[in-house]
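Residue strings, one per chain:
There are 2 protein chains.
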Amino acid sequence: MSLVIDCHGHYTTAPKALEQWRNKQIAGINQPSEMPKVSDLKISDDELRESIELNQLKFMQERGADITLFSPRASFMAHHIGDYNISATWASICNELCYRVSQLFPNHFIPVAMLPQSPGVPTKTCLAEIDRCVNEYGNVGINLNPDPSGGHWTSPPLTDPYWFPIYEKMVEYNVPAMIHVSTSCHHCFHTTGAHYLNADTTSFMQCLQGDLFKIFPTLRFIVPHGGGAAPYHWGRFRGLAMMMKKPTLEEHLLNNIYFDTCVYHQPGIDLLVDVIPYKNILFASEMIGAVRDIDPNTGFYFDDTKRYIEASTLTKEQKYHIYEGNARRVFPRLDQQLKAKGL
Amino acid sequence: MSLVIDCHGHYTTAPKALEQWRNKQIAGINQPSEMPKVSDLKISDDELRESIELNQLKFMQERGADITLFSPRASFMAHHIGDYNISATWASICNELCYRVSQLFPNHFIPVAMLPQSPGVPTKTCLAEIDRCVNEYGNVGINLNPDPSGGHWTSPPLTDPYWFPIYEKMVEYNVPAMIHVSTSCHHCFHTTGAHYLNADTTSFMQCLQGDLFKIFPTLRFIVPHGGGAAPYHWGRFRGLAMMMKKPTLEEHLLNNIYFDTCVYHQPGIDLLVDVIPYKNILFASEMIGAVRDIDPNTGFYFDDTKRYIEASTLTKEQKYHIYEGNARRVFPRLDQQLKAKGL
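Chains A and B are the protein sequences, given in the same order. Throughout, our numbering is defined as the position within the first sequence, counted from one, plus 38. Throughout, our numbering is defined as the position within the second sequence, counted from one, plus 38.
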């Protein structure tokens, strides 16, 4: 039996006090007298336990997932709000909560960090938070927002040296990044129905255009939501790579890029596992996330992605890699923590 | 035997004189003394014939396609360049060339119009060109750019009244629109590898969020490139519709939205025809377009999409609709023209 490791879970069910504190912080940007202190936020361990036991942990147990790599709510990162200091305080609070969850449920949650990104701000300002999260909180990965402007894409492409300080730190700690945008503040892009998927496709294509992994051969990116449009259009991307005189996608990108399984119907998962080598696929559900209902066609939750993996034509060995083996390889610090527990 | 109607072809092989004229026009924006006259552009019928016979027509005959709905090169529309007058002159020239091709090859090419869009300019300025193209040139559809800014998305969503003058004209003439962006001038978005696919996903999601087809029940959109990421993430979109208390996607969108088959590998087409009702799929290749090589895995061109349709599990009847029947229904003026020819 594999462990079932969900590499993509966010703390979408945090106690209301967190959102209330954030709203005060946002109000405080224009009215400094309203700015709350970090110490104003009080959330007890019991509140954290309840928010998890009634939600993520309940679903994990019902669905048969063992461990979730758990990061702050993606849509609430909202790096476009305020300046670096606003983001730094907010990231620090959110990362601490995920750490506390990991301490309360050490067998089920392992933290992944959000970064204190802010549009236009040098990325070296994120390094102290990565240090803290890896060294003090045991984080095994980070979420990197390729568009901290929230849909306006004011930052350079992921292949630009702007991002290199973060990549150097990732290499140093041997942690991967999930390339995950936050809420859209652009009037044309729905957050979970357009911006997330577009960002996945865009990030993949930026990597295809560049030669980032020649510079950082051990850098590892997880492109979430099943890779956006990339696997469905794999022929287009293979053809574009040929036209650009790049190596094959396998050589050029698949030593460094991985896709998660947040695709919410059987045909989508079937395509993903048909097109993408199983070594590049990591199990994930993003539960509790964008889509929260039961699919009336199946009687099961849309985001119960384990069912689709089970029903696919993958062999038992391939499923082991998607559920566990690949996660241990892509997140070596996860592997270390599991081994330290005898897993 | 079905007719095989390719609903998505652009004049990507126009004689070099066209691009040279355009370059002069662009130079003339800042240096009015350089601005060329329309009459400076001279392309003979023989040049047009050669540009088609050696390219699109050759491939159509090799692959077994009968008719292409033929519009100006999408990436060259570049509505973000210059002002309305620049776009109006350029659209007029490009549409005339596609009309001339349709006159030279009346059995194989039927024109579809680009519009003289310009960012921030009221859409009623496009109506005269639609009138001209439909009434004088026999155009059976239009290409509507949901982002004339070229990747910055400065226009309102497709559900906004900003676009209604065009929709009213489409209803009046009973012509559909392919929702097709042009070249990206945004540093983050590769044109054919990100911007095109993102625009398809974005446009679909804008329609999902709104209720446009309650206002215009006979409006018809073709979302190209296999619908961007939409079919691959059909479960996500079904779930989002539920969360937004919209009707099912079938009721809400599939009386008005169609997808083309510009998906350049077998698994992608298999997913498309598995997930999307065959009544909503129109055959297309976008040949000669984004991806021009032979797939080394198959020995055939990536964009020879007819091979994927043939190899799919579709019945003969379903293939008839994808190749011919749906195109006649979605483009009634095409149907009229074919019937007038005894087809």
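Treat the hints as calculated values from the structure; they're not laboratory data. Some clues are possibly wrong.
The calculated lysine to aspartate or glutamate pairs, modelled on DMTMM-like cross-linking and capped at a C-alpha distance of 20 Å, are [as the list claims (entries may be wrong)]:
| no. | chain 1 | residue 1 | chain 2 | residue 2 |
| --- | --- | --- | --- | --- |
| 1 | A | Lys62 | A | Glu174 |
| 2 | A | Lys357 | A | Asp331 |
| 3 | B | Lys283 | A | Asp331 |
| 4 | B | Lys54 | B | Glu88 |
| 5 | B | Lys96 | B | Asp342 |
| 6 | B | Lys357 | B | Asp333 |
| 7 | B | Lys283 | A | Asp333 |
| 8 | B | Lys354 | B | Asp312 |
| 9 | A | Lys284 | B | Glu88 |
| 10 | B | Lys284 | A | Asp333 |
| 11 | B | Lys284 | A | Asp331 |
| 12 | A | Lys283 | B | Asp331 |
| 13 | B | Lys96 | B | Asp78 |
| 14 | A | Lys283 | B | Asp333 |
| 15 | A | Lys284 | B | Asp333 |
| 16 | B | Lys207 | B | Asp249 |
| 17 | A | Lys379 | A | Glu174 |
Now the hints, each set against the structure:
The hinted pair formed by Lys62/A and Glu174/A fails the criterion: a straight-line CA distance of about 28 Å is larger than 20 Å. A hinted pair counts as satisfied when its Cα atoms are at most 20 Å apart, and Lys357/A with Asp331/A does not qualify at roughly 26 Å. Note on Lys283/B and Asp331/A: the hinted pairing holds, with a Cα-Cα distance of about 11 Å set against a maximum of 20 Å. Using a Cα cut-off of 20 Å, the hinted pair Lys54/B and Glu88/B holds, with the two alpha carbons roughly 12 Å apart.
The hinted pair formed by Lys96/B and Asp342/B meets the criterion: a straight-line CA distance of about 13 Å does not exceed 20 Å. The hinted pair formed by Lys357/B and Asp333/B fails the criterion: a straight-line CA distance of about 24 Å is larger than 20 Å. Proximity of Lys283/B to Asp333/A is assessed by CA-CA distance (about 14 Å); at most 20 Å being required, the pair is judged to hold. Between Lys354/B and Asp312/B, the direct Cα distance comes to roughly 15 Å. Compliance with the 20 Å bound is thereby established for this hinted pair.
A C-alpha spacing of about 32 Å is found between Lys284/A and Glu88/B, which places the hinted pair above 20 Å, so the restraint is violated. As the CA atoms of Lys284/B and Asp333/A are separated by approximately 14 Å, the hinted pair is consistent with the 20 Å bound. For the hint linking Lys284/B to Asp331/A, the alpha-carbon distance of about 13 Å falls within 20 Å, and the restraint holds. Between Lys283/A and Asp331/B, the direct Cα distance comes to roughly 11 Å. Compliance with the 20 Å bound is thereby established for this hinted pair.
Restraint check for Lys96/B and Asp78/B: the C-alpha separation of about 30 Å exceeds 20 Å, so the hint is violated. Only pairs whose Cα atoms come within 20 Å are accepted, and Lys283/A paired with Asp333/B is accepted, the gap being roughly 14 Å. Restraint check: the Cα-Cα separation between Lys284/A and Asp333/B comes to about 14 Å, which is no more than 20 Å; the hinted pair holds. For the proposed pair Lys207/B and Asp249/B, the alpha carbon gap of about 19 Å is at most 20 Å, so the pair holds.
Restraint check for Lys379/A and Glu174/A: the C-alpha separation of about 18 Å stays at or below 20 Å, so the hint holds.
Consistency note: the structure conflicts with the earlier hints numbered 1, 2, 6, 9 and 13.
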